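Just so you know, the sequences run in chain order A and B. The numbering used here applies: residue 1 is where the first sequence begins, and numbers increase by one. The numbering used here applies: residue 1001 is where the second sequence begins, and numbers increase by one.
Derived CB-CB ranges, DEER-like:
| no. | chain 1 | residue 1 | chain 2 | residue 2 | range |
| --- | --- | --- | --- | --- | --- |
| 1 | B | Lys1077 | A | Glu22 | 32 to 40 Å |
| 2 | B | Pro1156 | A | Ala104 | 51 to 59 Å |
| 3 | B | Lys1082 | A | Glu22 | 26 to 34 Å |
| 4 | A | Glu22 | B | Asp1199 | 24 to 32 Å |
| 5 | B | Gly1079 | A | Leu110 | 43 to 51 Å |
| 6 | A | Ala108 | B | Lys1077 | 41 to 49 Å |
| 7 | A | Leu110 | B | Ser1058 | 56 to 64 Å |
Quick caveat, the hints were computed from the structure, so don't treat them as lab data. Remember, it's a predicted structure, so these values are computed and weren't measured experimentally. Heads up, the beta-carbon is just placed ideally off N, CA and C, and yes, glycines get one too.
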Amino acid sequence: MKTTECHSLSESLTAYLDGELEGSELGQFEEALQESQALREEVQSHQTARRIVEESLQTLPLQETLWDGIRAEISGGFEKSATGAGRQPAPARGWLWRWASLTAVAAALLVAVFFYPSFSESPHSPMEQQYRDFVRSRQLQEQERIRSRPEWTDVEDNPFRRTSFDDLNDNPFAGE
Amino acid sequence: MSVDGKGQKPRKKKKLGVSGDELEKLVERAKDGDVEAFHQIYDIFGERILNYIYRLTSSREDAEDLAQDTFILAFRKLGTLKDNRKIQSWLYRIAQNNVFQKYRGKKHYFESIDEDEAMELPETQRHGVPSKSPEESILSGELGELVEKVISELPPKYREVFVLSAIQKMSYQDISEVVGRSLASVKSDIHRARVQVRDKIKEYLGENYGMSQSF
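Work out the full structure: start from the sequences and follow the hints.
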């Protein structure tokens, strides 16, 4: 048997044991198998190794916590924990903190609303009251002054009457 | 056809326990945001993905962490899966990418062991013929440790295809889709990996390897 044929058969041997040979390839290999004692021994040797691999390796079981972590992530409810394998969301602490902070804000608002009227109606200090009285009296004086001002019923007597420049020659600004 | 006269036939692919149509419907529902449907997909593939990652990383903690990340990412990106029938290879690809990203630049995973070096066994295993039979070794866990070590020492490109083929029982076509290499390349790499693993086990068991053909 040539080296290339031998290598090809050797590769086919693995494919044969893996159930990957079909049609003419399978026929050729089975023919070679019947003719060659060495090939049969090689097949047996590989089968032994396969059995040892399959029987000696242990399979890791799937832990339920693994799905819990996946569900928490894909449901989008919890933040990712960085603790690695078997990661679990931390629901209790997160919700507790969230509720506690909301309650604190609500309580602060209630206190503010309850005490606001009494703050706004608190009596002024004597100095502030004195100032307010002073301002008020000045306002009243000003109102009285405006009320007692003479009315300019006669346009001619009105000192604020606008002078008209009917005659352009009298216009002191003409020619400037 | 029987090879060894004991009715041993080429292996059959691992079944998913759900029909193709049912699986497609589950994927469609999950695409619409149905968490319960996605839970069923997880039930079908969860253990396989976990163990695939475990064989690549040799770390239970990393495997659980990365398996969780794989399914979270899969749910979020499910809308980008064009062919619902490809869900299996798609999940494996995500898992593999997650492993690559986590171990990027890390000697432990990526530094390919020289093939000649990889063929060497520890001093104690090379010269001493174990007094236990393969059955006893399996029961005591020694052989399991050896097999795990042999797999973890395979160069990454052999390790991936070996695990997918020998442990996950995937077809060569599916493996080709997961690892993104040609069918011929996958076939050749699986064969090389199988030979390496066989030779190391044989070397460890010495004369007892022949005995193991009957158990």
